[in-house]
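Asker: Sequence:
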Amino acid sequence: MICALCFLPLASLVDADLFKVWASMDKLSLAADKKACLGICPASPRTYRPVRRVVIKSASFPDSFSGFVMKHTVDVMISQQEIATRIAELGREISAHYQSSGSEMVLVGLLRGSFMFMADLCRVVTVPHEVDFMTASSYGNGMSSTRDVKILKDLDEDIRGKDVLIVEDIIDSGNTLSKVREILQLRQPKSLAICTLLDKPERREVPVTVEWVGFAIPDEFVVGYGIDYAQRYRHLPYVGKVVKLAE
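For the sequence shown, position 216 (counting from the first letter as 1) is numbered 216 according to the UniProt record's numbering, and the numbering increases by one without interruption.
Be a bit skeptical, because a hint or two may be false.
No farther apart than 25 Å at their CA atoms in a straight line, the calculated lysine-lysine pairs in the DSS-like style are these [what the hints assert, rightly or not]: (1) Lys190 to Lys153; (2) Lys241 to Lys200; (3) Lys150 to Lys179; (4) Lys179 to Lys153; (5) Lys200 to Lys179; (6) Lys200 to Lys150; (7) Lys190 to Lys179.
No wet-lab data here; the hints were simulated from the structure.
Please build the complete structure, drawing on both the sequences and the hints.
Answerer: Given below as structure tokens:
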């Protein structure tokens, strides 16, 4: 069951004809009683406790030391529905902010982790905008970041005089974003802001101003919704915490 508050943001993310089909198949029903709702609407308090545990086996992911196949156990921290609802909220907030700017807008996605978030966010930002990408990395194949930031791919278009919104998947130390902001600021955009899906404020090493945050999370290693562990698990539709690495 889903209440009207939950229905509106979800409906904005789904093709109207497809949504009608779902409703006709009784896959969706509106709850008259808020207590019967799934609890994903803005009025519901957000929690990040695990929803369910998923065990993922990867035959192509050997341990780098002993060569045995790893088994990863992942706790769902933020569900697919919670992500969709929050992105709809962010889209409305960002659209309202830039509505009267009068300048061209460009969303700059930081690859590779932001690709899912970028794709969903750009579809709910109603202000006309361009899309561009950068690749800036401070990660190896491990579970923690380094201070060494490398720009592997630069923007394709000039951002001078434009409203630039950097779209990031997750912020922890702030080293990568600090470097990216410094580089882009030198190109004289009209404005420069940051929107991140996830933020780990406990991990911050460099002060970074972040205008829009989807979810503030504890200092846990997470995967899914574009975020990887050694290039695996980006495809997961939710954000999950890696809680066990075992033989």
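Asker: Compare the distance between the alpha carbons of Lys241 and Lys200 with 25 Å, and conclude whether the hinted pair is satisfied.
Answerer: holds, 13 Å
Asker: For the pair supplied as a hint, Lys190 and Lys153, is the alpha-carbon distance within the 25 Å limit?
Answerer: This hinted pair holds, its Cα atoms lying about 22 Å apart.
Asker: Is the hinted pair Lys190 and Lys179 satisfied, with a Cα-Cα distance of at most 25 Å?
Answerer: holds, 19 Å
Asker: Given the hint that Lys150 pairs with Lys179, does the C-alpha gap stay at or below 25 Å?
Answerer: holds, 9 Å
Asker: Given the hint that Lys200 pairs with Lys150, does the C-alpha gap stay at or below 25 Å?
Answerer: Given pair Lys200, Lys150 holds - Cα atoms ~21 Å apart, limit 25 Å.
Asker: Given the proposed pairing of Lys200 with Lys179, does the C-alpha separation stay at or below 25 Å?
Answerer: Holds: Lys200 and Lys179 sit about 18 Å apart, inside 25 Å.
Asker: Verify the proposed pairing of Lys179 with Lys153, using a straight-line Cα cut of 25 Å.
Answerer: holds, 14 Å
Consistency note: the structure conflicts with none of the earlier hints.
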